[in-house]
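> Chains as they are written, first to last, in my numbering: chain A, 1 to 333; chain B, 1 to 333.
If you are wondering where the hints come from, they were derived from the structure by calculation, not from laboratory data.
Mixed in with the good hints there might be a few duds.
One copy or two, it doesn't matter: identical chains are merged, so the pair holds either way.
Said to hold, decoys possible - Quick list of in silico lysine-lysine cross-link-like pairs, DSBU-like style, CA-CA up to 30 Å:
(1) 251 to 180
(2) 272 to 180
(3) 165 to 272
(4) 325 to 30
(5) 165 to 325
(6) 35 to 77
(7) 226 to 272
(8) 242 to 35
(9) 35 to 226
(10) 5 to 35
(11) 325 to 226
(12) 5 to 30
2 protein chains.
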Amino acid sequence: MSSAKTFDLVCVGNAIVDILAEVEESFIAKHSLTKGAMQLVEPERAAQLYADMPRTVECSGGSAANSAAVLASLGGKAAFIGRVAADQFGTVFVHDMTAQGIAFASPARDHALPTGSSLIAVTPDGQRTMNTSLGCNVNFGSPDVPADIIEQARVVLLEGYLFDKPQSKQAFREALRYAKAAGSQVALTLSAEFCVHQHRADFLELLASGVDILFANEEELMALYKTDSWELAASKVDEHVKVAVLTRGAKGAVVRVKGQSPVVVPAAAVAKVVDTTGAGDAYAGGFIYGYTRGLSVAECGRIAALSAAEVISHLGPRPQVELAKLIAQPLAS
Amino acid sequence: MSSAKTFDLVCVGNAIVDILAEVEESFIAKHSLTKGAMQLVEPERAAQLYADMPRTVECSGGSAANSAAVLASLGGKAAFIGRVAADQFGTVFVHDMTAQGIAFASPARDHALPTGSSLIAVTPDGQRTMNTSLGCNVNFGSPDVPADIIEQARVVLLEGYLFDKPQSKQAFREALRYAKAAGSQVALTLSAEFCVHQHRADFLELLASGVDILFANEEELMALYKTDSWELAASKVDEHVKVAVLTRGAKGAVVRVKGQSPVVVPAAAVAKVVDTTGAGDAYAGGFIYGYTRGLSVAECGRIAALSAAEVISHLGPRPQVELAKLIAQPLAS
Chain A
1 MSSAKTFDLV CVGNAIVDIL AEVEESFIAK HSLTKGAMQL VEPERAAQLY ADMPRTVECS
61 GGSAANSAAV LASLGGKAAF IGRVAADQFG TVFVHDMTAQ GIAFASPARD HALPTGSSLI
121 AVTPDGQRTM NTSLGCNVNF GSPDVPADII EQARVVLLEG YLFDKPQSKQ AFREALRYAK
181 AAGSQVALTL SAEFCVHQHR ADFLELLASG VDILFANEEE LMALYKTDSW ELAASKVDEH
241 VKVAVLTRGA KGAVVRVKGQ SPVVVPAAAV AKVVDTTGAG DAYAGGFIYG YTRGLSVAEC
301 GRIAALSAAE VISHLGPRPQ VELAKLIAQP LAS
Chain B
1 MSSAKTFDLV CVGNAIVDIL AEVEESFIAK HSLTKGAMQL VEPERAAQLY ADMPRTVECS
61 GGSAANSAAV LASLGGKAAF IGRVAADQFG TVFVHDMTAQ GIAFASPARD HALPTGSSLI
121 AVTPDGQRTM NTSLGCNVNF GSPDVPADII EQARVVLLEG YLFDKPQSKQ AFREALRYAK
181 AAGSQVALTL SAEFCVHQHR ADFLELLASG VDILFANEEE LMALYKTDSW ELAASKVDEH
241 VKVAVLTRGA KGAVVRVKGQ SPVVVPAAAV AKVVDTTGAG DAYAGGFIYG YTRGLSVAEC
301 GRIAALSAAE VISHLGPRPQ VELAKLIAQP LAS
């Protein structure tokens, strides 16, 4: 991959501040939530959920932003493109990006809507259930995508959650076009099963128009190919992308590189799963870190698995240790 | 103590959202900070410090508010009196109070200044160095103190940090007057050595006008009596209060009850001190919990020490477990 690029990774996604609480199992049923899912909530519903949540901690989140944080913690160079408002959560979000040396490439401040936030209920089993108020992220569009930043990316990561409104879809297509013209590779995360259900045709079109790397968990992949057989879905993905990183939770992941045999990557051991928030984001960030350094698929997977394991071992979606040190022990070959 | 009161504890203090970061030791010298201290910062200085801080987590703090959170976690009933603004940090602060069943007794929202926040640099030794932007707390005054809430307190806890401006001092005197008229006891924390240096005469006058319980660490107590002998200062405190809870960090505490022999309370064991933020606040909350239940001084001290130990074993100033369970094993007698 070209080494003349400024950034290993440029992420395009929702800017979100996470509001995390450890809840009892009964909280999920009481509020008719779908455990493990992300759902969008309107202000009234958010207020109702928040009022019933125990004490919280707040920290920066957002799927692609978490991937950028992981890549930066591994020692890579990242930029983030997304919308924040001129409010306290916006200040927090931008701080936590720049504090890790991540270029925050969207200085425009929204004054009509607040910075996005997500009420995250973490159950005793470590599962996270997210209730997201998108806030000013809903206004994301082409003007938010600076061509000169995209062109400086080895890999551009597009976050499926943001692929929702007509103007954000258009922005993704333009980002992809800037990237391809500049020789940057494009990665896409499907983000959530409901995103695939809602926008399946547009996702497939986006994949066909030049996505190089796909990140998908089991439900997302099966939704994409409208099948209840993961194996069948996995066999179809080579038609669309060069590299498919197919995560399978505690079972680890399968990485398919076009023209090569699939590589099974085991999950890394975790003493106790505290909070799965950000697990997939960390996996993507870790994998792309290795990928931009030309490492083997197995080594990319090892870094991804270790990154995800660190993130799920504590509350909050971003690494709490320097991942560069954590992965310093190379894979036995 | 009268059991007809609604609240075990009514706290009067600054409403603060903590912005916590684990920093290298060098951060303290680089920014000319006084390690372990709290200093007030203006917006420009706060921005400068924040820009140099690594990734942060945000959670509700404030000294007396932390004491209320500890008492509530132990199973007591608390209320909080303090000012927040109509912003995201204000929403977070009020949520975290009400989520613990703590009555938030100051519904008035400030629209001119933001909710107070504190940039807290936590060094590898677990010490916290606080840089506080008071925000709308500076406007605290008599109109913020509802007599009917004060009158429903077994104990009213006044936070020394807030005893700063003429209007807040006046508010404290009125709170004390309401309390005494209603048969409520009054506790005071000296909060920080610099507070005592700045307001020594007024603190002494407040003590003389009816404070029942004093919380002070070594530096604060010696500053109050202008001596470098802690023993000498401790011997003087009986002149002013019925109960003096004199904390000594890792050495534990000495509790002096007028007319009784001082009781030495050992500190509780902590596997690793992660962050001392809120240690003294937890001690006060735990002690008052026992005190309002008529427990022995030794038992009050045991609960206080266990509460403080829990709080310093993780990042952030408020308990992360239900303290009622933690203390359930009674003191061997």
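> Please go over all the hints and tell whether each is borne out by the structure.
Hint-by-hint comparison with the structure:
1. 251 to 180: Answer is neither; intra-copy 34 Å and inter-copy 65 Å both fail.
2. 272 to 180: neither (42 Å within a copy, 51 Å between copies)
3. 165 to 272: neither (38 Å within a copy, 48 Å between copies)
4. 325 to 30: between (42 Å within a copy, 25 Å between copies)
5. 165 to 325: For residue 165 and residue 325, neither the intra-copy (40 Å) nor the inter-copy (48 Å) Cα distance is at most 30 Å.
6. 35 to 77: neither (34 Å within a copy, 33 Å between copies)
7. 226 to 272: Answer is neither: 34 Å inside a copy and 51 Å across each miss the 30 Å cutoff.
8. 242 to 35: neither (32 Å within a copy, 53 Å between copies)
9. 35 to 226: Classified as within: same-chain Cα gap 22 Å, cross-chain 59 Å, threshold 30 Å.
10. 5 to 35: neither (40 Å within a copy, 42 Å between copies)
11. 325 to 226: neither (41 Å within a copy, 49 Å between copies)
12. 5 to 30: Neither: 50 Å inside a chain and 33 Å across chains, both beyond 30 Å.
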